[in-house]
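Each chain, letter by letter, is given below.
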Amino acid sequence: MVRFDRDQRFLHGGDYNPDQWLDYPDIIKEDAEMMAVARINTVTLGIFSWAQLEPQEGVFHFDWLDEAIETIYQKGGNVILATPSGGRPQWLSEAYPEVNRTDQFGQKHSHGFRHNHCYSSPIYREKVQVINRKLAERYGNHPALSMWHISNEYSGECFCDGCQMNWRQWLKNKYGTLEAINQSWWLNFWGNRYTDWSQVVAPSPLGEHKVHGMDLDWKRFVTEMTIDFYLAELRPIRELTPDIPVTTNFMAEGHDNHDFIPLEGIDYGEFAKHVDVISWDSYPDWHNNFETVARTAMKSAYVHDQYWSLKRQPFLVMESTPSEVNWHQINKSKRPGMHMLSAMQQLAHGSDSTLYFQWRKSRGNSEKFHGAVVDHDNSMENRVFKEVAEYGRRLETIAEIKGTSKEVKVAIIFDWDSNWALKRGGGFGRPTRRYPQTLQEHYAIFWEQDIPVDIVTSEQSLGQYDLVIAPMLYLMTKKTMMMLQDYVRQGGTLVSSYFSGLVNETDLLYLGGWPKPLQELFGIDLLELDTLYDDQHNQLLYQHKFYETKDYSGVIKVLDSQILGTYETDFYAGTAAVTTKNYGQGKSYYLAARTGEAFLAVFYEPIIRSLRLENQLVTQGNPEVSVQRRVGKNCQYHFMMNFSEECQTIVISRKVTDMESGQSLIGKLSLKPYEVRIVKE
Amino acid sequence: MVRFDRDQRFLHGGDYNPDQWLDYPDIIKEDAEMMAVARINTVTLGIFSWAQLEPQEGVFHFDWLDEAIETIYQKGGNVILATPSGGRPQWLSEAYPEVNRTDQFGQKHSHGFRHNHCYSSPIYREKVQVINRKLAERYGNHPALSMWHISNEYSGECFCDGCQMNWRQWLKNKYGTLEAINQSWWLNFWGNRYTDWSQVVAPSPLGEHKVHGMDLDWKRFVTEMTIDFYLAELRPIRELTPDIPVTTNFMAEGHDNHDFIPLEGIDYGEFAKHVDVISWDSYPDWHNNFETVARTAMKSAYVHDQYWSLKRQPFLVMESTPSEVNWHQINKSKRPGMHMLSAMQQLAHGSDSTLYFQWRKSRGNSEKFHGAVVDHDNSMENRVFKEVAEYGRRLETIAEIKGTSKEVKVAIIFDWDSNWALKRGGGFGRPTRRYPQTLQEHYAIFWEQDIPVDIVTSEQSLGQYDLVIAPMLYLMTKKTMMMLQDYVRQGGTLVSSYFSGLVNETDLLYLGGWPKPLQELFGIDLLELDTLYDDQHNQLLYQHKFYETKDYSGVIKVLDSQILGTYETDFYAGTAAVTTKNYGQGKSYYLAARTGEAFLAVFYEPIIRSLRLENQLVTQGNPEVSVQRRVGKNCQYHFMMNFSEECQTIVISRKVTDMESGQSLIGKLSLKPYEVRIVKE
Amino acid sequence: MVRFDRDQRFLHGGDYNPDQWLDYPDIIKEDAEMMAVARINTVTLGIFSWAQLEPQEGVFHFDWLDEAIETIYQKGGNVILATPSGGRPQWLSEAYPEVNRTDQFGQKHSHGFRHNHCYSSPIYREKVQVINRKLAERYGNHPALSMWHISNEYSGECFCDGCQMNWRQWLKNKYGTLEAINQSWWLNFWGNRYTDWSQVVAPSPLGEHKVHGMDLDWKRFVTEMTIDFYLAELRPIRELTPDIPVTTNFMAEGHDNHDFIPLEGIDYGEFAKHVDVISWDSYPDWHNNFETVARTAMKSAYVHDQYWSLKRQPFLVMESTPSEVNWHQINKSKRPGMHMLSAMQQLAHGSDSTLYFQWRKSRGNSEKFHGAVVDHDNSMENRVFKEVAEYGRRLETIAEIKGTSKEVKVAIIFDWDSNWALKRGGGFGRPTRRYPQTLQEHYAIFWEQDIPVDIVTSEQSLGQYDLVIAPMLYLMTKKTMMMLQDYVRQGGTLVSSYFSGLVNETDLLYLGGWPKPLQELFGIDLLELDTLYDDQHNQLLYQHKFYETKDYSGVIKVLDSQILGTYETDFYAGTAAVTTKNYGQGKSYYLAARTGEAFLAVFYEPIIRSLRLENQLVTQGNPEVSVQRRVGKNCQYHFMMNFSEECQTIVISRKVTDMESGQSLIGKLSLKPYEVRIVKE
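Chains as they are written, first to last, in our numbering: chain A, 1 to 681; chain B, 1 to 681; chain C, 1 to 681.
Quick caveat, the hints were computed from the structure, so don't treat them as lab data.
Where hints are given, some of them may not hold.
Claimed, not checked - Chain A side only, calculated, beta carbon under 8 Å to chain B, not exhaustive:
#  : residue
1  : 189
2  : 196
3  : 209
4  : 210
5  : 213
6  : 429
7  : 505
8  : 509
9  : 511
10 : 515
11 : 584
C-beta atoms are modelled at their ideal positions from N, C-alpha and C, and glycine is treated no differently.
Next up, chain A with everything else stripped away, as it sits in the complex (with noise of 0.2 Å):
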């Protein structure tokens, strides 16, 4: 990973399209300039430009992509090369119908859209190694390029039949026999039991569609299928380029139901473990109607804090909106500030870029709206262009907080096998499952008071940690059982919930009562999870305070683990909602019930204060004020951020030095609304 590394700014730019303008050649030479001003350094190329760059199968143009290569390499940038895979020629998809994918239905696609290749296909898997090999052949010495970007934003699903056939073979090569099929998934259950490998078909609303261990397998075939296909994508690259590190735009999902997770559809876990870089598109909902600033500033931290998770490393935002998306219902623009503040947090969370999609704003079709560094009036007077170029300033003067650290005392644990098999299990409250939004409540206390936090999968290490969180891990190998048991014996604190243990690895419940493994180390078994409507509610009495439970209040049975709270109202009024047991040398929690923020702040307090989590730098923080660290050999850089429309203050304890005023600092510190500051200590 050299090339990467060697450039000492963050990264600064995006997605660059001079194919779309090919016929417009003031628009290229302009683009130059503007770049300049704009502090511009890198540019990702070659997204869509496959039909550019082999306009005939087997005849290639690279002209124009030799020119914008060299342009930006004598302007002194770097350039992300992407492999073309997201988008084919009309005569890909005319001379190989199969390359393009077939639908749950059954039903063909034909050419259209993007992202809608089969990833089966043999063809479309050679012709793409084709024209990767050309790109890593023709540009693969070149100085200037500094990363591979591998198709775009993988995701979707196919159904043809040589998928069918891959599917069949998955689950051969994982079960071995239909009849371990058969039990895995309980298939005796409505009779549906397999007695011929032709049977198996993938899940379909005509056929199959309600075997729960199908579907969480089916998750993960699709998961693994699409890693297959970018590993295929990979070889040429890898042979021919084996210096340049790679990555592949990951994405978050949820802005129609006011959400912003991680994508749910692919195992990023299992995807990490394929890329040398993390990179993904952040686009959060800034200024939107149904929370404030802050809260939507949480829920970007979240998603930052998850991505950096998956290697512990610093990542890349790769698509970024400088002003506004096109496709919410509601598109509202960055207000004056906001840019700097949001692109400002991708750094604090760890990232060491900013890249946008996009420069330049296309002129027509489907995302002629969505945001650009230059707008369709191609001035440089633009607010947006203005308010880019002056990130880009800033960025200058912190460029040595690239390639730093975190240090992270807290983790919780998200698992993408329990959010497949939780959303899909019916019974209890169908909308009410959540799992990614619960726990991003969990995250916010810490998230409020400064605390950085990791978002681990269960196959990570926990050593690191001070503090564990995992509530809802509804799917848990007996491995995991043993490595959460192993983590608290060996002094860890452990925080879990309801929903917790309840399935193995098919989506089979324990029987028995709730596994011993767990039993033992939270000291309870479970009785019932008593499901509540919208606008019901229990009391939790903790700590001579109630708090209201919501959507699930678990009724659990105390084996040998102490009380901290209890029911006060229903039939099990006055039994435990919150336990605790010391095991080995830590400490586990057990939480009954699903409650707000309200009560998570309070039980998270003597945790934090014992563990001694606290931001040391905050004596008195500001919820509406983040202050996130990077830490470097020798210094430490503390990014605070004011995310609200007020003035805001704080007070830190330490001497800390302003990095662009250089202005020294300790005690109250005001920030003006939106205002960011950048200290080192």
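Given chain A, work out where chains B and C should sit, using these hints.
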């Protein structure tokens, strides 16, 4: 019907699936022990066992079923044996894909899910007969066999070529000529008249989908085809076991929109003629957040009474949950005491059983979180298990009630044809038809006063009733009109309403004013039907008080009836809204408008009084306490059920004996929350 | 156009379907008698009669139609004769399945419903020409024939192979080369550029469905294909009856979301060029629960005026209901008096007819509850029948108004292209585009002041107008810009707004700032378009008062215009929100923000005053009373219509004569609820 009546006990038990647990011999062993504790005396076996019973075409394995039946028998239990057509083996779908349904878009479905076979497929009928014959041969003489459970929850439609052929043939049989169809469906409208039988195809969103008469006939056809398939299934059963009663489990629906009404898709009035015993799957949505428990109980009572009335003989609750279901959005468990109360309500309305889906929660797959007697914890200390066992104990003390009848003087007419035609008809208020829901509003008046009501079809005899309520009887044949005239002429009291008697049997409007027999019977003619928005109301003036109308305010012309109520506002202010007429020995009432229950209560009060319909035992009732009566040869049994979370009192006029405590009771009687007492006199 | 104008009477009548009643000879006999009572003088025959007229391919039966036309003629009536292509016979779909449409998923539809033929099918065109020729041959010289009604309510799209071929050809004709398409649709974005004509296919959810330029051209293509089919239908008609005027009935839409606007799917501006007389089917949603009757009347007036403006000549209301429709969720009948009022409104805005769908309610099938002159009761005592007859009587007293014109000084520009492109375009507020609805908000200001308004296309000449209102004219060709410049330069007053002039004819953004001709015309440049959530507003300060903005607040740069209003809050507080500029002999206004009508009323007030646009007759108006004028050679006719349930007064300045009572009127004039008076001066 020897075997079912042989057992003197109420049937207590339910779906039992040892075939899911063949690899868990300990579980099967524990089942037998736990059933004894829970006082289970009846199990339903084999509903989805085809794949186990015939793992390959023509190869049969009965060992596990032999053993299950024998075990039950040894413990003194009954077996209800299912035919397994609700769930095909994979090999059958594979060898004969035509057994799977084709949907209304012409899309062939593949194997999966359940209840989705083509009811026309000759090969499916053949295969079903083979397995059914095998079952009848093997178990027909087993002393444990008390009843056949044919298939499971028949429902749905098929549009394959075979079904299209049957549809054509069915129409030929019914109408003889295309011209008769053209006239009956009024096909000259939009010029879609048939000129060749080959043009006749089923309604489809891709073709004809707006012809009311066609849609109505299609529904009738679906009912007939469903019954026809059932009768084909039944053939070997009847042949080999003519003395074993047969049933198939009916359903209710509407949970998702806060309703609880009989299944609308199949005319159970027709189906009832072909079963020996009515049985149904009862899943009221207890403890929901949109109505009181008493309201849920009223709806539940309504459906029980409708299924009682289909044969006017004891029915079976074939499925119910001892705790929660898994298919609501929010799935509440029954609170403590609710299982007892709701199960006793079944008996109170004429059920001779409480059977559960299911004995034991499945370990995986689509219904793994559906309630059961035995939970995943496999514990007899489980609250649900203990409540079931307690119910089993109480059942034994009241066993003499089994087989007793009911005496009912009030009937509500429900007509499947009218319901289908009303919902389809367009015009007026589309979302406000709500025919069965409106019947429930009338029913509620009587239920709250502990007056039993039958819900009969328009084909059933009315002679035994003092009061017949027939609102919204939209589709009326001449024969129905004559029957209603006869009923009143001979002394009956009849209540009808807006929307009644508008169309004939093919949904063609009666021309030239309301049909003369109805004009004569009610002494009015119809002028207009004012349709109201949600937020609109007229005022009905009745006995010096005002009541709001909603949804519909009919404007009528009084011929020779007496006006009881008038409208207060709008252009028809002052005109008649409620009328009555003495006709022959009886009396008819017409409600021109839809009102709330406040008016209905006032309206029915003098009718109840003059016909002496009041509950003779309860002199001071309580709308939260339901009192229902079963009538034996020499005794009457009253179930007194408190459907509220508070203590409630009623006053009874005669001395009765508590069947469990033996205590004598008279006068004021107090019932604890959810308490149920069964008394005898 | 001899025959239509020949009759001096307003046309009163409507769809007449004796072919539904051939088996009911009494009904047909009564029709003639009842028509006389209802003063019906015109019927539309044969809309869905193809199956009766040609029961087998090439076999024709005209007897019933001969008789119907003759009967009407004998009674002195006119016949509007329909070509029957709106509903094919079954045999035609059977013999030539390709006449049925293919949907966007590639699914071929089968026979059924109506209005769903493929407009490309050569065989369908051929068969339509055969039957049309037969009709023209047989009835072309019949003295009763006054007009041709070509097909019925043309609408919809087809995606069959033939249509795909036509699409390809249409694009070849328009663009010449694929490269021109690639540029015009900006297909290098996402790399979907065409390299072979075989790749060109219609937009589909299964293939390309995100290309704005393609979608816009597709809409144009659909309009052209619809007209092309219409012209093919017309060929034998024109050939044989060159003197009979032709029309086809246009539609309005939007009822389901509380709108009432012209049909959006077809560019009626184009279609209008090919008909002799505009006619449309008018179904405003009177007495709804979401707006006042006056508001419904305003929307109804708007659509009338738009259809008047298409040819600036009297149009026909081809369909309307005398009572209720059947396709709303809640279908209200017209209250007493509303039929008179709403029918008179048709004439007031330029209709020369009131025609009903339908003369008689059908006895069955999909529209059996749709209103009609004759109800199922077949009674002349029916309220609706009596109101229609009374209207027929009044029509005769004002017959001299027929054929008169209108004088209009204000025009609103509506552009189908802009509407299609705006709705498709993404970005900003997707649900808040509402282009035609916004035009109605401008229109309402004038309607409430009894100032007539034309709604014209951007192709129509503007010279006759003193004021032209063109907000949200998103798509503007250079030619349109020049036309607007010319209009103002020569003394016109022009109002435009945010969203105007952003894209060219293929939905490509203008680059380098707002187009120079517009900058010059309005004296501003555009900077940003702030998009507001539902619950967000800015404040517009105008003449010392504040008005809320909603949905959109444009931020602009003032070049050489005068600022009339400014924003009060947010980051663009103090900047211009409303500007004006003197340009040539005229004046331009720019509204940067969307506001409520309160602001628009204040904004237009001085413009109306200075241009002397006020209604000269009404010196004191009333927003609930609409006064509309028709202008004859020597006379003016004023319709005074009270669209409220209360008495209302207005004051008129000149002496006028009530056409019915002969009474002279001046000064204060009182109108009873729903009253309409027609005066002459």
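Minimum beta-carbon distance criterion (8 Å), residue 213(A) to chain B: holds (6 Å)
Status of the residue 515(A) interface restraint (C-beta, 8 Å, chain B): violated (11 Å)
Residue 209(A) as chain B interface residue, shortest Cβ-Cβ below 8 Å: Holds - the Cβ of residue 209(A) comes within 8 Å of chain B, reaching about 6 Å at its closest.
Hinted contact residue 511(A) with chain B - closest CB pair below 8 Å: holds (6 Å)
Restraint check, 8 Å cut-off on beta carbons, for residue 210(A) near chain B: Holds: closest Cβ of chain B sits about 4 Å from residue 210(A), inside 8 Å.
Hinted contact residue 509(A) with chain B - closest CB pair below 8 Å: holds (4 Å)
Proposed interface contact between residue 429(A) and chain B, which counts if any beta carbon pair is under 8 Å: Holds, because the Cβ-Cβ distance from residue 429(A) to chain B comes to roughly 5 Å (cut-off 8 Å).
Status of the hint placing residue 196(A) at chain B (closest C-beta pair under 8 Å): Interface hint status for residue 196(A): holds (7 Å vs cutoff 8 Å).
Agreement of hint residue 505(A) with chain B interface, Cβ distance less than 8 Å: Because about 11 Å separates residue 505(A) from the closest Cβ in chain B, which is outside the 8 Å limit, the hint is violated.
Proposed interface contact between residue 584(A) and chain B, which counts if any beta carbon pair is under 8 Å: violated (27 Å)
Given hint residue 189(A) near chain B, where the shortest CB pair must fall under 8 Å: holds (4 Å)
Of the hints listed earlier, those the structure fails to meet are numbers 7, 10 and 11, in rising order.
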